[in-house]
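*Asks:* So the chains spell out like this:
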Amino acid sequence: MKNVDLDINVHYITRVEGHGNVVVKVKEGELKECRWEIPEAPRFFEAMVRGRKWPDISQITSRICGICSVGHTTASLRATEKALDVEISEQTLLLRKLLLHGETLQSHVLHVYFLAVPDLLGAGSVIPLAESHTDAVKMALRMKKFANDMCDLFGGRTVHPITPCVGGFTEVPTVDQLVAWKKRTVEEFVPDAKATLALLKTLPMPPFDRETEYISLHRDDEYAFYDGQMMSSDTGCVPEEDYLGMTNEFVVPHSFGKWTKHNRDSLAVGALARTNNNFELLSPMAKDAAAELGLTPHTINPFMNNVAQFVECVHCAEDSLKLLDQLIETGIDPALSVDPPITPKAGRGVACVEVPRGILVHDYTYSDDGEVVAANCVIPTNQNHNNIERDFEAYVPQLVDEGKDSAEVQQHLEMLVRSYDPCISCSVHLVEL
Amino acid sequence: MKPKIAFFDFSCCEGCQLQVLNLEEEILDLLGQVEIVQFREAMTEKGEDYQIAFIEGSIQREAGIERVKKIREKADVLVALGACACIAGVNGIRNTMDFKDVGETVYGADMKYFPDVLPKALAIDQVVKVDYYIPGCPINKYEFVSTVKALLSGVEPKLPDYPVCVECKLKGNVCLFDKGKFCMGPIIRAGCDAWCPTHNEGCAGCRGYVPDPNINSAKDVLERYGLTVEDIKKEFTHYLAAQETSS
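Quick note, the sequences are listed as chains A and B, same order.
Using the working numbering, you'd call the opening residue of the first sequence number 286 and step up by one each time.
Using the working numbering, you'd call the opening residue of the second sequence number 15 and step up by one each time.
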């Protein structure tokens, strides 16, 4: 590294969900300090659900995070259903997958357009872009509204969904609503996605490659979001029940969020981990978008997570059309999903779900009258904290050698953090069994 | 000159700020009326000169007490945004539990790294004066718009002083008790347009008590429809624990 001094201290990085600090000190070309700090207050969810009954758990744990509340709800319900031996109908499964796609779309559109693109266009937020890039901002708002309306349709509400419950839903959409939704997907979202692809092609990501271990869910028969095995790009698959062997949470003094590592000194989860591990299972249109944007099954530039998120948007839209066709063909029978009878029993259930930022684990142990006696939630952002800090260590010398000054180094480190789309509110829930 | 507004978040899920960002159809108009000087979830700029402060989240750390006091000093008007800010929300569940046990359950011996966590989660008005409230978990985004409109036009923002049942009846919903479900609607402040009951899910109380709630009567109803005393206690400590325990 060049013989320079740097003293970077970003208190509360902006345009991320939750609070994080960046601390980098370089003295005479030597990296002295390099930290990604999580000062957000802990929230103790795993303690708070103890003694609560099975119907209430997902409504409490969804409040870990507003942005991925559908993901928390899904993981929570699946964990409870496994613990109580509850089978769900095929119709419920398809509706749950559509709801989860709605959230992935909502979160990815918000991140790509509102949190990441302003950096690539040299703006401090989307607000000045409303004047300089009016059409693009209007399109972004339309895409976000589409995704939110999708969550409203399949979950009753986009932030903290209302209708998903243990065993099914409290209400389900009608076939007419599904037909209308399919039409809107084709006529509104698909053209907007094509226009976004054209825009992203003009916005190259900063160059920075670092090998790491990618961990995601995997299924042989579909691009896994709702369930699957845990897959490491280094060591292969394990059942979701064995998540503790892959997540290995540990506490570091400068963070309220726990750190993780597995086969190497750090690991990455999220859209890029998923596209790397499951590239062949992407939908045809998503693969085309990946090819146009230079995303391959072996992409190791963390900034490309932004591109991977967009490619997943295309996948989710195309896969939604497939799911909608299945439901429209069989018709909707509310009796197959609405308020199924549940008998509580003692047991443990572990569920891993791919949420926008990576693998989310909910793990509950219930007593025989259906009260939680122990809970553990492992949050994707936690799994990336360590990788972000290791990226800093490799990226700071590269930036210095490229001749970047202190302000530019700081800006690129903030962009790097943002490309992971960290969700720090989530990450400070924390628990051990 | 456009009034300057700022958003601040404390301990929460940030879903209420997200509800503001979810005003896709209104947000550009809103930006024409106000100048947003701080909104960490959405923008880099950090202005320290503002008239209206929206505060999301509960206070859970000593450091948060100092921070919210500084915001109170600078703001002419302070608005609590969402259940965590208004009534401590789900964060307050831990207020009914032994703090040492809660800390050890989550962090074990590592709890020593977090010495300034408060033994109870606090609503904003348990630390500083709050001028107006936008309740809910999450907030009703249209209630946010109407509050901003009222503040800009010099009108006092007002919350409904009647229970969720009124809105639920107006929508023509069948009462959830008649469907064998449980609902806190009779004693919870309206303004959500009976969001959950309309989707066939009982109200959990996220907007806090209606003024002068008849709590004993509500408990009697829940008991009559089959809840045990233990279950009833849980209903009253889902969102309302800090309201119950703060006296």
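Calculated from the structure, these hints are not laboratory results.
Among these hints, one or two may not hold up.
Distance condition first, Cα-Cα at most 25 Å in a straight line; then the derived BS3-like pairs of lysine-lysine [to be verified]:
1. B:Lys193 with A:Lys430
2. A:Lys367 with B:Lys195
3. B:Lys134 with A:Lys338
4. A:Lys423 with B:Lys195
5. A:Lys367 with A:Lys689
6. A:Lys630 with B:Lys247
7. A:Lys338 with B:Lys18
*Asks:* State for each hint whether it applies.
*Replies:* Structure-based check of each hint:
1. For a cut-off of 25 Å, the pair hint linking Lys193 (chain B) to Lys430 (chain A) is broken: about 33 Å separates their Cα positions.
2. Straight-line distance between C-alpha atoms of Lys367 (chain A) and Lys195 (chain B) comes to about 24 Å, which keeps the hinted pair within the 25 Å bound.
3. With a C-alpha separation of about 23 Å, the suggested pair Lys134 (chain B) and Lys338 (chain A) falls inside the 25 Å cut-off, and the hint holds.
4. Pair hint Lys423 (chain A) plus Lys195 (chain B) does not hold up; C-alpha atoms about 42 Å apart against a cutoff of 25 Å.
5. Only pairs whose Cα atoms come within 25 Å are accepted, and Lys367 (chain A) paired with Lys689 (chain A) is rejected, the gap being roughly 52 Å.
6. This hinted pair checks out: Lys630 (chain A) and Lys247 (chain B) have alpha carbons roughly 22 Å apart, not beyond 25 Å.
7. Straight-line distance between C-alpha atoms of Lys338 (chain A) and Lys18 (chain B) comes to about 45 Å, which puts the hinted pair past the 25 Å bound.
The structure fails hints 1, 4, 5, 7 (numbered hints given earlier, in ascending order).
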